[in-house]
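One letter stands for each residue in the lines below.
Protein chains: 8
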Amino acid sequence: MYKHTIRKILRRLEKREMPLNKAFNLLKDLPYEDLGFVKLDSHRQIRKGFPEVVYCGGKSPRHIESIVNRLIQKKGPILLTRASAELFDQLKKGRPGLRYNELAKAIYAKTPARKTGKGFTLIVTAGTSDIPVAEEARVTLDIMGKAVKVLYDVGVAGIHRLLDRKALLNKANIIIVVAGMEGALASVVSGLVSRPVIAVPTSVGYGASFKGLSALLTMLNCCSPGVAVVNIDNGFGAGYFAALINK
Amino acid sequence: MYKHTIRKILRRLEKREMPLNKAFNLLKDLPYEDLGFVKLDSHRQIRKGFPEVVYCGGKSPRHIESIVNRLIQKKGPILLTRASAELFDQLKKGRPGLRYNELAKAIYAKTPARKTGKGFTLIVTAGTSDIPVAEEARVTLDIMGKAVKVLYDVGVAGIHRLLDRKALLNKANIIIVVAGMEGALASVVSGLVSRPVIAVPTSVGYGASFKGLSALLTMLNCCSPGVAVVNIDNGFGAGYFAALINK
Amino acid sequence: MYKHTIRKILRRLEKREMPLNKAFNLLKDLPYEDLGFVKLDSHRQIRKGFPEVVYCGGKSPRHIESIVNRLIQKKGPILLTRASAELFDQLKKGRPGLRYNELAKAIYAKTPARKTGKGFTLIVTAGTSDIPVAEEARVTLDIMGKAVKVLYDVGVAGIHRLLDRKALLNKANIIIVVAGMEGALASVVSGLVSRPVIAVPTSVGYGASFKGLSALLTMLNCCSPGVAVVNIDNGFGAGYFAALINK
Amino acid sequence: MYKHTIRKILRRLEKREMPLNKAFNLLKDLPYEDLGFVKLDSHRQIRKGFPEVVYCGGKSPRHIESIVNRLIQKKGPILLTRASAELFDQLKKGRPGLRYNELAKAIYAKTPARKTGKGFTLIVTAGTSDIPVAEEARVTLDIMGKAVKVLYDVGVAGIHRLLDRKALLNKANIIIVVAGMEGALASVVSGLVSRPVIAVPTSVGYGASFKGLSALLTMLNCCSPGVAVVNIDNGFGAGYFAALINK
Amino acid sequence: MYKHTIRKILRRLEKREMPLNKAFNLLKDLPYEDLGFVKLDSHRQIRKGFPEVVYCGGKSPRHIESIVNRLIQKKGPILLTRASAELFDQLKKGRPGLRYNELAKAIYAKTPARKTGKGFTLIVTAGTSDIPVAEEARVTLDIMGKAVKVLYDVGVAGIHRLLDRKALLNKANIIIVVAGMEGALASVVSGLVSRPVIAVPTSVGYGASFKGLSALLTMLNCCSPGVAVVNIDNGFGAGYFAALINK
Amino acid sequence: MYKHTIRKILRRLEKREMPLNKAFNLLKDLPYEDLGFVKLDSHRQIRKGFPEVVYCGGKSPRHIESIVNRLIQKKGPILLTRASAELFDQLKKGRPGLRYNELAKAIYAKTPARKTGKGFTLIVTAGTSDIPVAEEARVTLDIMGKAVKVLYDVGVAGIHRLLDRKALLNKANIIIVVAGMEGALASVVSGLVSRPVIAVPTSVGYGASFKGLSALLTMLNCCSPGVAVVNIDNGFGAGYFAALINK
Amino acid sequence: MYKHTIRKILRRLEKREMPLNKAFNLLKDLPYEDLGFVKLDSHRQIRKGFPEVVYCGGKSPRHIESIVNRLIQKKGPILLTRASAELFDQLKKGRPGLRYNELAKAIYAKTPARKTGKGFTLIVTAGTSDIPVAEEARVTLDIMGKAVKVLYDVGVAGIHRLLDRKALLNKANIIIVVAGMEGALASVVSGLVSRPVIAVPTSVGYGASFKGLSALLTMLNCCSPGVAVVNIDNGFGAGYFAALINK
Amino acid sequence: MYKHTIRKILRRLEKREMPLNKAFNLLKDLPYEDLGFVKLDSHRQIRKGFPEVVYCGGKSPRHIESIVNRLIQKKGPILLTRASAELFDQLKKGRPGLRYNELAKAIYAKTPARKTGKGFTLIVTAGTSDIPVAEEARVTLDIMGKAVKVLYDVGVAGIHRLLDRKALLNKANIIIVVAGMEGALASVVSGLVSRPVIAVPTSVGYGASFKGLSALLTMLNCCSPGVAVVNIDNGFGAGYFAALINK
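Line by line, the protein sequences give chains A, B, C, D, E, F, G and H. Following this note's numbering, the numbering of the first sequence begins with 1 at its first residue and continues without gaps. Following this note's numbering, the numbering of the second sequence begins with 1 at its first residue and continues without gaps. Following this note's numbering, the numbering of the third sequence begins with 1 at its first residue and continues without gaps. Following this note's numbering, the numbering of the fourth sequence begins with 1 at its first residue and continues without gaps. Following this note's numbering, the numbering of the fifth sequence begins with 1 at its first residue and continues without gaps. Following this note's numbering, the numbering of the sixth sequence begins with 1 at its first residue and continues without gaps. Following this note's numbering, the numbering of the seventh sequence begins with 1 at its first residue and continues without gaps. Following this note's numbering, the numbering of the eighth sequence begins with 1 at its first residue and continues without gaps.
Be aware that one or more of the hints could be misleading.
[To be verified] For each label pair, taking beta carbons as the anchor points, the in silico distance ranges come out as:
no., chain 1, residue 1, chain 2, residue 2, range
1, G, Lys171, H, Ala85, 41 to 47 Å
2, C, Glu86, D, Gly119, 28 to 34 Å
3, B, Ala85, A, Lys115, 49 to 55 Å
4, B, Leu103, D, Lys247, 38 to 44 Å
[Said to hold, decoys possible] Below 35 Å or equal to it, Euclidean Cα-Cα: the simulated DSBU-like pairs (lysine-lysine) are:
no., chain 1, residue 1, chain 2, residue 2
5, F, Lys115, G, Lys59
6, E, Lys166, A, Lys211
7, H, Lys247, G, Lys166
8, D, Lys211, D, Lys75
9, G, Lys75, H, Lys166
10, F, Lys211, F, Lys171
11, C, Lys110, B, Lys166
12, C, Lys118, D, Lys74
13, B, Lys110, E, Lys211
14, A, Lys211, F, Lys149
15, D, Lys211, H, Lys59
16, G, Lys74, H, Lys118
17, H, Lys59, H, Lys247
18, D, Lys211, D, Lys110
19, H, Lys59, G, Lys118
20, D, Lys74, C, Lys166
21, G, Lys93, G, Lys110
22, B, Lys247, A, Lys149
23, H, Lys118, E, Lys211
24, E, Lys75, F, Lys118
25, C, Lys149, C, Lys110
26, G, Lys247, H, Lys166
27, A, Lys75, B, Lys171
28, F, Lys247, E, Lys247
29, G, Lys166, H, Lys74
30, D, Lys149, C, Lys247
31, B, Lys149, D, Lys74
32, H, Lys118, G, Lys110
No lab work stands behind these hints, which were simulated from the structure alone. C-beta atoms are modelled at their ideal positions from N, C-alpha and C, and glycine is treated no differently.
Using the sequences and the hints given, assemble the complete structure.
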């Protein structure tokens, strides 16, 4: 929505060509709001199907608080990623709707919504250390109104744990594979099913894992087609992408 | 399908517990066929919804020819990627069904099939040099029975070329963005639409593009959610992934 | 100014070939002063149009203090970058002219000066986390006597926020684009205007952003001409370069 | 210029609200032209002050030829970079205005234009192997109507060659430094003058120069402020940026 | 064997403390021979259990020829790796014992030897393009007198091909896994068996495989213990290491 | 062991085709146990010859405690790597069998077992800073019932320290070389013996050692055959691999 | 000195073929001493002209203390690098001869020695932040009995500071250049003199300096011959190398 | 020598304050000569002790020819590195003094000169493939009038070949170690002697040698002090540096 559109609306209102009610409805969702330093992209819900998600890394608590206040007024769903427990302790006072997923380090508020989309997304992790990233994906899908199931700790070192759950894999609509170290799980899962696999490399590992680079390269070079990759540790991005697919 | 399953079938047949017809039907699609060095994964059509695609890079023409012969016998669709014009000249003799997409460097044979899936996938390129990778995606989607449209040469250096086609972007079900150099197009497209964007970095560029690394990193770090990435120059992978989504 | 020049001046003075006043004026700005370990390049104001800026990273507070004392005596403008709040608390005692920009982490003292140069430099950031780097650029331009405007949080994820301000972009003489993550904003801005764009990659991001490498490569590979790049997080360098252009 | 603007013009013409001449003038410069695969961005001359430059790397001669034909019709200046001598031999037939700079590998056609901008840009190279990149910058500045001087082979291994020309350095308005290997020349030049220095790393070198990476990093870490960097071997980008500064 | 040892032998011979025959036997295998530029390490057979293998990359045919002549005189086994068909054509004239494995690009001569060691080494490849590297390992093991079996083209994209051969995997004493692209096969195989797995990354792949780097990192980060890695494409090294284990 | 196998056993039991005792024995070792988030791979002892080793990096103490409880019930050997002294203090209460190797940062419990395998593994370090990684290997071999000897601080800077112990090197069955900085020790040791050398690069070093990358590359490029490499600082992996060889 | 030599000495002593005094003298400097984990290379003074230097990074204070005690007994010079002030506080008690250079973070004890070698080594730094590394080089040269002069803070950003001291540069026998950021100073100094230049890259800088990688590559690619490079921040290595030259 | 010095000489000549002969002698060696594009640094012989060496990589034969002509007129020594046999065939016509070292790819002309410096430099290579780089160092030392010996093919895979020649190593004044692959030879040699070791990494190797990067890092991280490193394959640089030491 561009400013000239807004001017046009106002001019039509001025000329009485448009009733006040209609103008109000058109205008109430200005494309973004200026909260001091932040330009809250409130039109995103229309454009992208989900309000702006707040990445807390490197933002001051004060900024985050003012954003959260505005999002609560808008009565939409709320999602803050990479949020510390301290931040939640500060924010939850006087804001009873906020919840915290400690593993995912996500603060969220869910508006009462019915599930949309078909079937469910299955989130699979290679090890237990990959679970925080997986939980970030789960929270994201949950708040976007999508059904989710999880299957954790089924890495390729003991592949029978995975093969044993082939039925579950085949029932899923979309599969998110979260794996660090060598990240081989994405290839194996993708070879077993005919569903899109969203691969999330994690920074789990040491030495030549180079903070997720190893898993990232593995997933990009996946010899089985049907895999696409998001950034290292980006559980939110994987969940969001899965939700877009399952619209 | 495991060997012991096959043995069970044979034993039941032997014991006359199963009619020959049923046994034949069960057995005719052995999970893979041994063509000398190659283990053709003929079960993949059932498992993944599409027969094994032949990546020609580094394979001897003789091997490729024997694979193609077997695929023709199976009467399924055929797709050979990274195939030179010379290879096509050799293969087309006596195999009238084969076609060649020169830009995509893909040899294919399409079985008469009706389109499946909803809507269409839109393939967008930043520049004209990215078109070969985009065409590989197009051929893949086409042979998998999915509708495709293209929008080429709309890179961010002249962003009005892209904004002008916002209507087309919004109509697409899935968008594949193919871009080299700085790869910024994926972020911009993703910010404009509420559809999943599959980003394909290309090796187009010079100097600090480091053969696609620059575009790859850009796309992985996309600040707009809703983007997933495949390998550098992997048009086939993007097309295949889009087809899986649009099942 | 070389030592033999100085000796020549002294010899001419000795021989009474030059009045004392002229000698004094020639000599008062020795090319550098030896403050113990530091060789303060006091001639730089003549040579480069601005006195030596003090980068505080890795310098001991004691060294910094002695440099500041000397700069105050010279009555020129003062700029200390990457300075902590603690450092400022220590330095401000008894030095009332010093100011601190908390976001930019810059300590400065502005001599009363009239603005020089034509028009203004516009500093644009992709996100709110990029603002500290942008502020470093702003302080630098300000102290060098150049007009500045800012446009923060207009990243490509919601490109209408940028397009909406096209008029402002077109009025600017020079544009500094500060962006982390994928750094795509520089390409988009450069495609919209006919002004030089100075791109500053920031270390904002995670995973495959590799502490600014991703944004750096994006900006170097910019497909739209008219972009030049400075070091990661180098807001000072961008501001200084812009001031040199706008002399 | 968006399509709806065009439709509005046409509708006004249809309704006789606008004289044909005015409509023609408004419409004659459509923002881009569709030459088959290429979307020629013909509006760029207005937006950026210079028509689209054709990067020949990876483009088919047939595509390039059709673009050139269209550019000749438009009677604007023409610049093709990374163009082989073979390509020029093919293009020059029947197009007498085309010229070739063999060192720069640039094909160009200069419309009779008077020089604009103040002063001149000085292009400095460290060695003789850096000259092709420098010549690409020179051709670009020349065709954009800017005065240029060159100072070649003055690398830091024999720094007196550079110091000897300090007067020339100080007279220049803008300096482009082209250097491979360790790329130290940019730092030294920038320390000597108070003009903006545009640094172009080249891929000249061997071993740990890693095809220009060494020079690139050197230039980005320049300890003397007043340096901005373009991509490796990007002489065109440096020339273009200098021309934008000197508008 | 050091020179002073040799002198001691000679002195004892001189003093008649040692019979000539014994001295001859001790001396006949001098630790290395000087063939002009090459110091042929002929003692290696005693020290390492296998004569010096000739890596042909970057050696002149003339040098190689003189080395081969000397090795033939010594009547030991011969192995030349990375040898072109042209080189073999040149060497085989007048040297009937030489053989060529075209896939492995290895020239060899086998002395009649009985197999040593227990069980067999199994060489597994992910794809058909990995076979040349696997064959280099096979030739090496063969010439060192070890039993070998191969299982080619069983990559994780169709993991049933591998699981189907679990019995064979469990019978092997040592397993060499050869894989390019994402190299995930080593992890999966290692998870299935209790035998040492030697992983060989190959340069098969494109884009972000970075010529084997991706597979190398994957294998180094293998989450299943029991995997050790050799250099990219180093089939010889894997075979040699397996032979040392199976002594 | 797959679930359908289990169902078959149960069905046969139900039909009285199998005595209860036999069914019990078959079932008592389910392939893995679900301890909440962790899927303990208890079948691994059969499959790999050693129970699952617990890598403590990034796991919560509570998770580790529940795993340890379960392993104690199973009465198998226990090994926890990268375990802090704090963790041990917490775990040792009420679990008298647990031991702690402070250098190796390993918690373990050894079941009374007789040594298996032939000869001994020799662990060699280049410097004293490499000892923690070596000790991790030693603990691993020890708990797996293998004989170990150590030879520490014999790096190539004083190669006589190593040559002096050639007899010991030659007596070893397998040699593990642990080295940081330039990692040259693996090459030298491998050149001296005819035993397999397992090389462990360590992150010991500074500057261009890049946290172990330098030693890793050195070891992968080892000019002497007979060397295979594990991940940086992966003492456990080296010990485990050595134990598999010496079965 | 090998063990068999020692045994020979002992046997000759036993057989009275050698007087006890001579045996004692031969034996008193065993090539290394076993201090528990550390093998102190006490023969190094003969072999390398300087006793083993103790790099304190990653060593426990207890180990360091036992090494120092032994070195004091040997009455040779002592040098401990990368030593914290805390370590010195602990070591200096009861060891009056120890000194501490706080900038260099070096603990040392100088035996009364006359200077050896010709002329002096000049240590030059680009900035003040490079001084700690330079001081490490200075301490090393000093304790090895070589004359040293320093010239700090003469980086290329103000090259007149360096040119002004050309006489000093030309008088030096060897020059050590210590520089971070872009490291260009080594090239410039080398171009001015006919003496060997030892370049030490430092980790001073930020962003694309990548912790010294930028300066390292610059110095390796130095276009002026006569430069050799040591590891990042390795002041000790540079000093030691200079002392070897000036023997 | 600066221009104002020259002007001063001329002025003194004009005023008859200086005899013509003296002026001529002062002026005849202008600091550089302008041969079109090349600025021949003819003063370098005075400044650096050796005339400018011509690196032929990337220079046109025509440019090289004109440089050579000028160098012949100056009657100094001549050295052209990285020169092809074709180039030599072209240059040798009519220039009888030119010689070609095929291995080193060096063209040179030696003026009759007596050896200077003390002792000799020993050039050591790890393998036979490293010899071309070693020969470039040898030619350089030779033409600079220094004594050289070589010891080729003594890599660490068979370390007795090296230990056997310890006497030769100890006699050398300076040692140049040339090694590719893992480059471990420099560490071992440096541990054996008390002479400065100049290490030259070569691009010999494959896979994870990354064109010399592996050897380069090894040599930079050398745990034995007394090693300094030049660029990959830079035999000339090593020879030149050795000659400067041995002045």
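Cross-check of the supplied hints:
| no. | hint | in the structure |
| --- | --- | --- |
| 1 | G:Lys171 <-> H:Ala85: 41 to 47 Å | 44 Å, holds |
| 2 | C:Glu86 <-> D:Gly119: 28 to 34 Å | 46 Å, violated |
| 3 | B:Ala85 <-> A:Lys115: 49 to 55 Å | 51 Å, holds |
| 4 | B:Leu103 <-> D:Lys247: 38 to 44 Å | 39 Å, holds |
| 5 | F:Lys115 <-> G:Lys59 | 33 Å, holds |
| 6 | E:Lys166 <-> A:Lys211 | 33 Å, holds |
| 7 | H:Lys247 <-> G:Lys166 | 20 Å, holds |
| 8 | D:Lys211 <-> D:Lys75 | 38 Å, violated |
| 9 | G:Lys75 <-> H:Lys166 | 29 Å, holds |
| 10 | F:Lys211 <-> F:Lys171 | 33 Å, holds |
| 11 | C:Lys110 <-> B:Lys166 | 48 Å, violated |
| 12 | C:Lys118 <-> D:Lys74 | 33 Å, holds |
| 13 | B:Lys110 <-> E:Lys211 | 33 Å, holds |
| 14 | A:Lys211 <-> F:Lys149 | 34 Å, holds |
| 15 | D:Lys211 <-> H:Lys59 | 17 Å, holds |
| 16 | G:Lys74 <-> H:Lys118 | 33 Å, holds |
| 17 | H:Lys59 <-> H:Lys247 | 31 Å, holds |
| 18 | D:Lys211 <-> D:Lys110 | 33 Å, holds |
| 19 | H:Lys59 <-> G:Lys118 | 41 Å, violated |
| 20 | D:Lys74 <-> C:Lys166 | 27 Å, holds |
| 21 | G:Lys93 <-> G:Lys110 | 17 Å, holds |
| 22 | B:Lys247 <-> A:Lys149 | 21 Å, holds |
| 23 | H:Lys118 <-> E:Lys211 | 47 Å, violated |
| 24 | E:Lys75 <-> F:Lys118 | 33 Å, holds |
| 25 | C:Lys149 <-> C:Lys110 | 18 Å, holds |
| 26 | G:Lys247 <-> H:Lys166 | 20 Å, holds |
| 27 | A:Lys75 <-> B:Lys171 | 29 Å, holds |
| 28 | F:Lys247 <-> E:Lys247 | 13 Å, holds |
| 29 | G:Lys166 <-> H:Lys74 | 27 Å, holds |
| 30 | D:Lys149 <-> C:Lys247 | 21 Å, holds |
| 31 | B:Lys149 <-> D:Lys74 | 31 Å, holds |
| 32 | H:Lys118 <-> G:Lys110 | 30 Å, holds |
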